[in-house]
Each structure stands twice: as C-alpha cells, then as structure tokens.
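*Asks:* Below are the chains, spelled out letter by letter.
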Amino acid sequence: MQLHDIARLIGVVYEGDSVEIIGLHTLKEANETQLSFVVDAAYVRDLASTKAAAVIVPSALASQVPQGCIALVSEEVYLKMAIISKAFALPLLDKSAPAPVIGEGSFVSPAAAVENGAVIGKNCTIMAGAYVGLHVRIGDNVTLYPNVSVYPYCVIGNGCIVHSGTVIGSDGFGYAHTKTGEHVKIYQNGNAVLEEEVEIGANCCIDRAVFGSTVIKRGTKIDNLVQIAHNCVIGEHSIIVSQSGIAGSTTLGRNVVMGGQSATAGHLTIAAFTTFAARSGVTKDVKESGKTFGGFPLMEQRQWLKLQGKIAKLLS
Amino acid sequence: MQLHDIARLIGVVYEGDSVEIIGLHTLKEANETQLSFVVDAAYVRDLASTKAAAVIVPSALASQVPQGCIALVSEEVYLKMAIISKAFALPLLDKSAPAPVIGEGSFVSPAAAVENGAVIGKNCTIMAGAYVGLHVRIGDNVTLYPNVSVYPYCVIGNGCIVHSGTVIGSDGFGYAHTKTGEHVKIYQNGNAVLEEEVEIGANCCIDRAVFGSTVIKRGTKIDNLVQIAHNCVIGEHSIIVSQSGIAGSTTLGRNVVMGGQSATAGHLTIAAFTTFAARSGVTKDVKESGKTFGGFPLMEQRQWLKLQGKIAKLLS
Amino acid sequence: MQLHDIARLIGVVYEGDSVEIIGLHTLKEANETQLSFVVDAAYVRDLASTKAAAVIVPSALASQVPQGCIALVSEEVYLKMAIISKAFALPLLDKSAPAPVIGEGSFVSPAAAVENGAVIGKNCTIMAGAYVGLHVRIGDNVTLYPNVSVYPYCVIGNGCIVHSGTVIGSDGFGYAHTKTGEHVKIYQNGNAVLEEEVEIGANCCIDRAVFGSTVIKRGTKIDNLVQIAHNCVIGEHSIIVSQSGIAGSTTLGRNVVMGGQSATAGHLTIAAFTTFAARSGVTKDVKESGKTFGGFPLMEQRQWLKLQGKIAKLLS
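Protein chains in written order, with the numbering used here: chain S, 973 to 1288; chain U, 973 to 1288; chain Y, 973 to 1288.
Bound conformation, chain S alone:
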C-alpha cells in the first residue's frame, strides 16, 4: 500500500514522497518497508533508532523522528494505527494459495478442514472437526483433537498435542478508543507459535500477536480453559494450571508454574523457576528466580499464609 494512500485513509498530510508500505510493526522491529507509530515520550529512544519507513507521531515528538523516516503527524496515534491495521489484515482464505501438503503417515479426518497453504508434517493425527487455517504450519507427530481451531499463519511444532475446543491464534483483544467511547479494532496481524512438545488442554485460547508472535516455548504443558493473551512468551517447560490467565505481552521464564485460577497483569516479566500458588494475582515483575508467590496483590506465599493467620485473628 502506498504511504500517500495510508495518509489519505487517516486524514493526515505529510511532506515527502510516497513509498510502498507492506506492513506495520513496533519501532524496534519495523524494517524499511514498514510503518510504525509513537504513542508517547516513553518511546523516544526506540524512535531514534527505528528503521521504519514512516511513523505516526504526535506533534510534540515530530522533531525526534530520525532522518530518512517520514513523519505522519497526528494527536490520535493509536486510533490512526487501528484504522490502518485493517488495511493490512491477514486473509482468512486464499484460493490462489497452494493446496495443503500432508506428510507421510499422517491421518487427516475427512471431517477436518484444512485450508490452502497449510503444511502438515509426518505421522500427525488431525481429527474430525479440527480446523487448520490458511498457511498454517504443523510439524511431525502432532495430534489435533476434534474441534480444535488453528487460525491462519500459526505454527505448531513437532510432538505437540492440542485438545478439543482449543483455539490457537484467535485475535488478541486490542482496540483504540474514540473520544465518544467507541472501540476501533486493531487487527492482529501477527501469529501464535507452539514450539516442540507443547501440550495444551481443552477449551484454551492462545491469542495471536498484534505484531510478531505469541510464543509457547518447548515442553510447556497447559491445562484446560487457560487464556494466553497476545504477545505473551511462555518459557520452556512451564506448567499452567486450569482457568489461569496471562495478560498481554507478559513473558514467563522457563519452568514457571501458575496454579489454578491464577492470573497475571500485562507487560510483566517473570523469572525462571517461579511458582505461583492457586489464585495468585500477579501484579508485578518477579526478578529473582526460584521463589513461590501467592495472594492478590502478590506476595511471597509464606507471607500470604502468615497474613491469613493474622487476618483470622481479627475475628477473635
């Protein structure tokens, strides 16, 4: 899409030539064919080093846009980005993509649906009602149980098992908001990736990233009814117990354990080998590894246990 068409779409006038834009990305990750955006001053450092072809930027920061990068100045950066994201939305279907490729020894139920461009490895079992979307890549020895849905462009590594009803790559929950309180969808143009030997229980949701990938790393095991939001990274060999939720852009180190019905806020970083007791509400980063936490707000589990004793005494 031409930058002058993008500018027209969002009602912004800019100085300079047009260029071909083929995608959106963060300031850090954008390349010379991509458009990026600067929400506020917290991103000034990323702005200085961005390789993006152009950025949407509030007027107060326009002077910080590096040379060679075109500034689209707007006071509604996030909203403009949302509007543009639709133009780069991934297709759900594509008749022109090649027919699916199914590896040797794989069973694909006639009642499964596999879209064009999908590649399924060897010795897989794709059961009835499973959905394998456009350009999905599935490794070897993978089992998709009945009624699993894998959205377009997602990746499932060797040896993964995904149980019934689970959804891989549904849209992350992202909207920009108008002044009158309406919500404008930010199209989620990344994907979700399961590395090798991941097992995911029934009726879980692993959302796709807004840009880049939501990643479940090697050997992680997830119970039923778990929510993993967009752009999370779940470290290797983690254990996520039923009905837990990880909010957007949170990163867990390896061998993190989340107890049942626990949850994290978004944009957190959790050290490896951390354990969260059931119902933990993780409200802050965990920097030291190997500790056990509980409660909401979060504290060390032994503190939480002690605190419950103190609280009980209020009754006496």
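Warning: the hint list may mix true and false statements.
Which copy? The list can't say, so a pair holds if one copy fits it or any two copies do.
[Claimed, not checked] Derived EDC-like pairs (lysine to aspartate or glutamate); straight-line CA-CA distance at most 16 Å:
(1) K1278 - D1018
(2) K1285 - E1272
(3) K1023 - E1047
(4) K1094 - E1168
Bear in mind the hints are in silico, worked out from the structure with no lab data behind them.
Here the structure of chain S is known, so what remains is to put chains U and Y in place on it, guided by the hints.
*Replies:* Frame of chain S, contents of chains U and Y only:
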C-alpha cells in the same frame, strides 16, 4: 396448548373455561395468549397489572389475581412452571422450515452447518465447523470463525465478529428444585441477540434468555472465555476482559469495563461508564456512573488499594 | 505387553519370570494382569494388600512387596510409570472396531462424526459438529449440541444434555518430572462417565481419569466454562455454577452447590448438601453436611461475612 391440558400436566384443578396458551412469560411481559407465574408477594404489583391469560399462583396470593386472568393455584409455583416450560421448548430442527437464505457476497464454508429458516446477510464469512441454528438471523458483514455455535432463534447484527469455539444462545442455567433435592430444567425459551459491531472472543458463552432476550448491545467487545448468563443486558461499547462472568439478569450500562476474571452477582444494575478492576466481585448495584471499583466484596478501587496497604501492615 | 519388555523400556532389572501385563492401575484397584506403583511410604498398607502382578517400587520399600508380586525397583517411580503409561495409551481410532450402532428414533446429523465402536441409544439428537469417539456409549434421550466432543471410551447416561463446545473425556493434566525440569506425560487411560439426567453447559471440560473413571453422578447440573479434573466424583444432584473448577481426585457428596468462580484443591472429600458461596477456595475436607462456606482460605460463610466487616474497619 390448551390451558386445561396444562393444568392436567401439573396436577392443578381450576375454575373456568380453557383457552389456548402459546407461550410463557413474566407477569410484566406476558400477553393475552401467554401463561405467567407469581413466585411470591414481591410480585403482587406486577400481578395486578398483568395481561397474562392465566397465572400459576400460591394460594395466599390467589385473591390478588386480576379479573379476566385465570388462577392455577399451587404451592410449588416455580416447579410447576419448570414442568410446563418443557411443553413450550423451542425446536432444534424443523424440516418444514424454509431452506436457509444466504445473502449476496457471503461465503459459507461447505464444512459449516446452516439449518432451515436461517437468514444470513450480505458479505458474511461463515467458516468451517460453524453452526447456524434453526431460524437464526445474521446481518451483513458478519464473520463466524471456525467451530462457532449459534443456537436456534438467535440474532447477530451487522458487522459482528465471533471467534472460534464461542457459543451464542446456549441454555441459561435455570432449574426448579423438588423437595427431595432433584432439579427440574426450566427450558430456556428466549434467545440471545448481538446488536451491531459486537466482537466476541474465543470460547465464550452467551446464554439465551429464559423468556425474552439476552442482549449484547452495539459496539461491545468481549475477550476470551467470558460467561454472559441468561437475560443479561450488556450496554453499548462495553469492554469485558477475559475470564469474566456476568450472572443472570444483570444489566450493564454503556461503556462499562469489566477487568479480567471479574464477576457480578445476578439481578444487578450497573451505571454507565463504570470500571471494575481485575478480579472485582460485584455484589451490589452501582448507581453513580463514572467510578472505578475493585475487590470482593466490592468497594471503590482507591479504597481497595488503601485497604491492601492496611492489611499488609498486619504482618509488621 | 510382557513384563520383561516393560522392565527393559524403563531400564530396570528384576528377578523372576515375565508375565503378560495388560494395563496399569493403582495398588488398590490393580488386578493380577496389571502393573502398579508405590510412590512413597504412605502407600505401604495398599502395597501389602495389592493384587497387582508387579509394582514399581523405591528400594526402601522393596522389602514390603507381598509374595507373588514382582518388584521393579527404581528411585524414579512416578517417572517410570509415566514412561510405561504411553505403552498402554488408548487408541483414538480403530478401523477394525465395529461400525457405530444408532438406536431407534435417534437423529445423527450428517455433519456429526461418530467413530467405530460407538453405541448411541434411542431418541437421541446428535447435532452438527458433535464428535462421538471410539467405543463411546451413549444412552437414550441424550442431546449433544453442536461441536461437543466426546473422547474415546466415555459413557453418557440416559437423558443427558451436553451443550456446545463442551469436551467430555479430554486428558487429565498429569506429568512426571525429570531432574532437568522436563515433563513426561502420564497417559490418561481411564474415561469419563456421566450418569443419568446430567446436564452440562457450554465450553466445559470433564477430564478423563488417569485410571478408572471421572464420574458425574445422576441428576447433577453444571453451568458453562466449568473444569472438572481427572478422577473427580461429583455427587448426585449437585449444582456447579459457571467458571468453577474442581481439582483432581476430589469427591463431592450429593447436592453440593459450588457458586460461580469457586474452586477446590485436589484430593478433597466434601460432605453432602454442602454449599460453597461464589469465589470460595476450598482448601480442606468438609466432613459435616449441610453447611455453607466461603472465602479463600475457606471458612464458614457467616464467618467470612463477619470477617469482611472487621477488615473494612481497618480503613476507619
């Protein structure tokens, strides 16, 4: 169904002629062809003004039944209503209903199932494994992702997006209880309605109403794994974050925000522009709009934060 | 499978002949054709009376293995058992099993999938996208709504209703852990059983047992998005409200009520007619029936209410 057959079904003798009854409804909403019921004295005012053809009523309130309305007297009103509800249960299938109508420019996957009587508008995308039940009405520009289920008689407005695994119009959780502790299903003979531009994430449940409609109003956005119980009304442009639950008959005003894993009790009314922090347990009505709450039991969020500070001091 | 092959698989040398082993089970339940295991000294009494053909046992307890039972000595009992469990994993598909049998008056949608060996009773309704696995047994008058998944070998009693998206018999969440922090799947070789007149809402997960059965007893009603873990037994006429979770091997008596978003720890026993308020976190057995509890940690509900009053005073 003839009223004398209904009376026989529940073992009640009444005075007066029979009439044709074509449905059940609340005292307020019932019309001259419907049967209603009076659970207890709290409904006496509604009873006085009801237009119902007949009511099931405990003997203590039988004298309050208005003229022209036939009283079926029973001390087990709720249980009798449950028994009758089965006779009015909506069909799941109907070979005599007209073939589905699919609007111009709509794609319906050959692996989707669309029942008779369904009407799908223009430029829709109905993906593999999606289920569109009997007499469902779907507007224009709607996307149903793979393995979405839409129960009979539900309505989905223009521009809605429903992600995989979500269920629209499943039965509300309603039972009458016998003296010996058994539960008798109250058939849920209403529907669920999504107004325009609603987006619902993956693996959510939007239950149908027992009578009338569960309604998700225009522009509301719902994350994954959310429960909306029967007869809820979710106001325009609300935001319901993952793993939240709204219990039956609760009404949210416009632009209400429910944080992750929050929940409400049933039969509450929440003012517009209210925000509930993550994990809020909403135990009471909110009358003043624009405030932020948290905790369980519910309090203003700043109070909750202050309280956590006080509680932490118990440890010192 | 020959015991000497099993021993070789897990790298254990034992004294004595080989025998044919046809399954795994607990010390209590194993019969003369099965292999069992002793995790630690807490199981010594069960070991003394086991009928298992052989047991995996740590060296410290090897002397307690009863005569006629062969000891496979290992310090990594649980891990060895996990490795062996794969050899006894249930098949998902079996072309040699008989074609499904569908009872008189039953409707099976052409868009449903019914595997070999399945038996469906009379007057059932199996809707589009529903999956009935290998050797599943379904009684009379059962309704499976669209996109329900029933895993192999599960049993659904007469008069059950299962709503869309619900998964019956998915794998319990069980792994053994290596010294380097990897997780080895314990194949879940039991099943899940719904007795008569059970109704289960939308998008629930009822996991299959590791050995034996997860059981939902007669007349129990379960709301949406509920998690029932492996080897639970839910008593007759219980009520489990939306978004609740019951952890593994917990047993509820009859007429237990679990409020919304409540949860139990695993391996608990709850007396009949117990009520848990919404959000209860059940951390201990309940021995006396008929009481009402709330809070996390759990206490009597009236105590919890009183405690909230005391806590609120901290603010004054």
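*Asks:* Indicate, hint by hint, whether the structure satisfies it.
*Replies:* Results for each hint:
no.: 1; hint: K1278 - D1018; verdict: neither (44 Å within a copy, 36 Å between copies)
no.: 2; hint: K1285 - E1272; verdict: between (20 Å within a copy, 15 Å between copies)
no.: 3; hint: K1023 - E1047; verdict: neither (22 Å within a copy, 56 Å between copies)
no.: 4; hint: K1094 - E1168; verdict: within (14 Å within a copy, 41 Å between copies)
In summary, the structure is inconsistent with hints 1 and 3 from the numbered list given earlier, while agreeing with the others.
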